[in-house]
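S.K.: Next come the chains, spelled out residue by residue.
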Amino acid sequence: MEINTFIAHLSEEFEDLGVFALSPSTVLRDMPGWNSMHILLLVAMIDFRYQVLLSGEHLKTVETVNDLFDLVKQKQHEH
Amino acid sequence: MFVEKTAYYFPERPIHVTEACFENEQQFALHQSYVGTTVLYQAACDQTASDLAMNAALILLRDLDLSSIDFLVFSSLTRDYHAPSTASVLHHKLGLKASCGVMDLPIGCAGFPMALMSANGLFNTMDLNRILILLGEVPSRSVHPNDQAVNFVFGDAGAAVLLKPSNAALSFEFGNDGNGFSSLNVLRGGARFPMDVAYLESNAAFPWLNQFGQLSMDGHGILKLTLSHIPSAVFSLLDKYGFTLDQIDHVIFHQASTIVIDALQRKLNIPSHKMINYLAEGGNTISCSIPIAWAKAEDNKRFKDGDLVLIMGFGVGFSWCGTVLTYRST
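Quick mapping for you: the protein sequence lines, in order, are chains X and E. Note that the first sequence ends on residue 844 in my numbering; no numbers are left out. Note that the second sequence ends on residue 678 in my numbering; no numbers are left out.
Okay, chain X solo, but in the shape it has when bound (with noise of 0.2 Å):
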């Protein structure tokens, strides 16, 4: 799992809300219009794509695009 592929797939969900330019340093409550709901397409996505269903408690230690890879890729592994 690259993380470029995991960038354009966050872009992807994110690109009718005009959030663009995500880079893996990238705070993602930072973004411009950065709500809860973003969580929610967040967590959809990654269940969809890397069959991991993070938990809040998972996403609490998120601060970065980098930190998420980081997460999925140690939540896939535990599977």
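The set of hints was computed from the structure by calculation and includes no laboratory data. Mixed in with the good hints, there may be bad ones.
[Claimed, not checked] Pulled a few chain X residues facing chain E out of the computed Cβ check, cut under 8 Å:
# : residue
1 : Met802
2 : Leu805
3 : Leu806
Ideal Cβ placement from N, Cα and C applies to all residues, glycine included.
Based on the hints, put chain E in the right spot on chain X.
M.R.: Leaving out everything else, chain E in the frame of chain X:
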């Protein structure tokens, strides 16, 4: 068993979901894309869940011989009284015969399929003519105006469904995950947390919260429960019938929010033309949502005689129940 007729009723007070309801344009756009509701209805202060159900029943039962109704099931999370059952009150108001039985199902978003399952059991064990399912919900009474998670999501409504027996054998898929307790609840007003002076005083400015207590929802938690249980429940249900999803003509999920319905559609790979989503008008009406969606799909001529309609209710609990019904035009 088959659905003979449906009707629904929205209270007369519409709340239009506009940009003015949100902090900024983007928040509004997000709400429109992912909750999907443009108008909600709110019951008047003196209207209860049974009043809304009664109005739907009056539309449904016009010109019907009431003596043919042998059982009444009432589904609601916001019943009129602790006792007697609200079904009993509705039975009396409608003037149903004394030999018509009554039962309340305070279940929530899975309430309609559970009511169908109860009705199916009754039809299978007794020689009954018709069963009436009434549904009424006033979730607006539990919504705190400052809680972003539940504002402009839930709406009040009533619905009514008339069932008749048939030779078609129905199967149901149901289940429960008690871990859902913390994701969606109304804790006040029951035995564990009675209304106390502190609670009543803290909501002095929002007196409607003193009827049932305040609704608390963790949207992420509910989405996670939905995605972990509902796709497998849909496949188990299809297995019971020996169907594949390809054979199903329409899918009506509980109208929770567009984000939840879309996530299920994507995970199950259901073509868009099979999906029924009528969230725009009325929003999430708890147990009324599936019968309202059914009635609107029928009004919009989406169903053909013999179509297979998969319905799946899920939510508070976390509980779920679903079945596949064959549509009959009457």
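S.K.: State for each hint whether it applies.
M.R.: Here is how each hint holds up against the structure:
no., hint, result
1, Met802, "5 Å, holds"
2, Leu805, "5 Å, holds"
3, Leu806, "7 Å, holds"
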